[in-house]
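S.K.: Generate coordinates for the entire structure from the input sequences, incorporating the hints supplied.
Taken in sequence, the protein lines are chains X and S.
Note that numbering that gives the first Met the number 0 gives residue 271 to position 272 of the first sequence, counting from 1, and the numbers run on in steps of one.
Note that numbering that gives the first Met the number 0 gives residue 100 to position 101 of the second sequence, counting from 1, and the numbers run on in steps of one.
List time: in silico SDA-like cross-link candidates among lysine to any residue, alpha-carbon distance up to 25 Å:
#1 X:LYS172 / S:LEU79
#2 X:LYS183 / S:VAL71
#3 S:LYS115 / X:TYR5
#4 X:LYS181 / S:PRO88
#5 S:LYS115 / X:GLY160
Chain S residues, not near chain X, derived (Cβ > 10 Å throughout):
#6 TYR20
#7 GLN21
#8 GLN55
#9 THR84
#10 LYS133
#11 LEU146
#12 HIS153
#13 SER162
#14 LEU202
#15 MET223
#16 VAL240
In case anyone wonders, no lab produced these hints; they're calculated from the structure.
We treat Cβ as the ideally placed atom computed from N, Cα and C, and that holds for glycine.
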Amino acid sequence: MKDWYYLLKKLWRDKSARIGMLIIAVVAVSALAAPLLTPYEPNTQDLSIAAQAPSFSHPLGTDLYGRDLLTRLIYGARVSLGIGLCATLLAVLIGTTVGLISGYAGGWVDNILMRIVDVLLGFPRLFVILLAVGLSTPSVKIIILILGALSWMEIARIVRGEVIVIREMLYVKSAVALGISKRKILLEYILPNTTDVITVYATLLIGTTIIVEASLSFLGLGVQPPDASWGTIINQGRIDPINAWWISTFAGLAIVITVIGINLLGDSLRSLLNPRADQN
Amino acid sequence: MVTGQNRTKTLLEVNNLSVSYQRQNEFNFLKPRIIEAVRDVNLTVRKGETVGIVGQSGSGKTSFLMTILGFVKPTAGEILLQGETVSSPTRQALGLIRKHIQPVFQDPDGSLNPHKRIELAIADALPARIRRNKSICHEQVLQHLQLTGLGPEHLNHFPHQLSGGQKQRVCIARALAREPGLLLLDEPFSAQDLLVQFLLIELLAELKKRLRMTYLIIAHDLRMMRVLADRIAVMKNGKFVEINTVEKLFREPQHAYTKELLASGSGLKTNFHNSADEQPK
Ligand SMILES: Nc1ncnc2c1ncn2[C@@H]1O[C@H](COP(=O)(O)OP(=O)(O)OP(=O)(O)O)[C@@H](O)[C@H]1O
Ligand SMILES: [Mg+2]
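M.R.: Written as structure tokens, this is what we have:
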């Protein structure tokens with residue numbers, strides 16, 4: 000607990016981390032509190048006010064079906080952030096497990112797992128994702144599964160590398176000498192010492208995943224209407240980008256600003272959590 | 000030859016042990032450089048005995064210790080623990096080593112899991128049946144910690160909140176909590192002030208008397224060895240150039256290198272130097 004408190008305090012002192020955290024906080028809070036923030040329904044159409052430019056009652060305008068764009072973006076944040084978070088969580092779960100086992104077991108287990116990783120990394124990722132999504136009936140759950148299941152390989156490699164270094168540390172040797180079980184050594188002596196790298200990589204992965212999800216939805220392969228993610232909103236703006244410019248513009252801005260915020264935080268975490276320097 | 004009766008008294012027997020490391024050769028990658036860290040070493044440690052190993056930096060002391068622990072594979076020779084071969088890393092051999100031997104490593108900063116509080120670090124050395132009962136476990140952890148002169152205020156600390164000397168003492172407490180028959184100490188007091196050194200020396204002597212503990216202590220400090228050890232092995236370039244009882248070694252050193260060590264008074268110098276590391280509280 001204290002660890003987190005100190006980390007937050009340190010992050011707050013770092014300017015770019017502070018900006019990143021503020022952006023993420025604004026987006027996350029508005030996503031969570033969506034119904035409280037807007038009087039409009041995200042999916043109720045009113046064609047009489049379709050495609051209206053930004054105005055006092057609709058600060059970011061309305062979309063082609065007369066839905067308040069700001070409302071759509073706020074609700075879209077739920078989907079985009081939700082998918083980004085859940086898919087990343089899944090990738091971290093798989094990647095960490097594979098990396099831990101691979102690095103600690105060594106030998107043929109390590110060999111097989113790492114060859115699988117090599118093969119999976121050998122395919123162009125977007126192509127595989129498109130294929131997998133195309134072959135299934137897209138839903139939020141399926142997208143999370145596919146994105147998560149295809150993004151864990153780098154984490155597995157990173158964690159494996161860490162484990163190989165940590166395995167040789169004297170505190171692990173001490174644990175081995177004490178006769179502590181392999182499972183406990185892995186979970187209590189090795190895993191906690193890899194969390195720093197995992198945190199950094201996972202943070203950055205959330206940003207990447209949000210972009211990939213937006214690309215899928217933009218291509219019509221992701222979240223299906225009437226539900227909105229930022230990608231589907233950009234997609235709708237494609238129909239009349241000149242006259243209804245606000246639709247794609249604001250949805251695009253939402254993505255860019257959010258991903259920048261996440262990357263700012265991720266990069267600061269990287270320099271703060273330099274795993275070789277954390278002992279002091 | 001060792002008689003049957005003697006054999007039971009022998010705890011550790013090292014025969015013709017050699018250890019070498021392979022290192023990348025900068026000039027010819029096909030021919031790795033071989034570093035012979037330990038060469039043809041023989042040593043017998045009897046139960047209840049304290050054997051010291053002295054020698055300059057790089058002479059192979061830590062390598063010898065790591066091999067006894069089963070962390071480094073010997074290139075030749077054998078190690079017997081209570082008469083059983085433990086130099087090939089079978090499950091059984093490693094089990095025997097873990098049951099009877101505990102190390103305190105040279106580098107206290109690296110020897111504690113940075114993410115584990117001191118209380119839990121020491122608790123991990125206690126048997127499962129004690130760990131299951133929270134209050135008994137807490138009490139025992141505290142007891143072991145206090146043996147080494149640390150107090151309850153350190154229980155909740157993470158390793159980085161302790162000084163090097165304090166970490167070293169936590170490691171000693173942790174090793175003792177496992178109640179090993181043989182304790183391997185690699186420069187155990189190097190970061191301690193004189194006061195704590197005396198406390199620890201007394202502690203080891205007390206445990207030796209009460210539990211018939213056996214110690215193998217590495218130090219380059221001959222003076223401390225005089226207090227602690229029954230016998231001393233002098234190591235140079237991977238070889239034991241002389242093994243003798245303390246009195247004999249100090250009275251009539253056989254090997255030129257031993258004479259050199261004695262003459263240099265390394266003990267005094269080291270003690271003085273180290274006591275500056277941590278001021279007595
Ligand atoms: N893991 C290793 N890989 C390669 N070479 C090693 C390794 N460990 C030690 N050596 C080499 O083996 C030799 C003996 O080292 P060792 O650590 O056993 O010496 P030491 O007597 O413990 O020295 P010190 O008093 O400085 O701790 C040295 O030349 C060292 O460079
Ligand atoms: Mg050493």
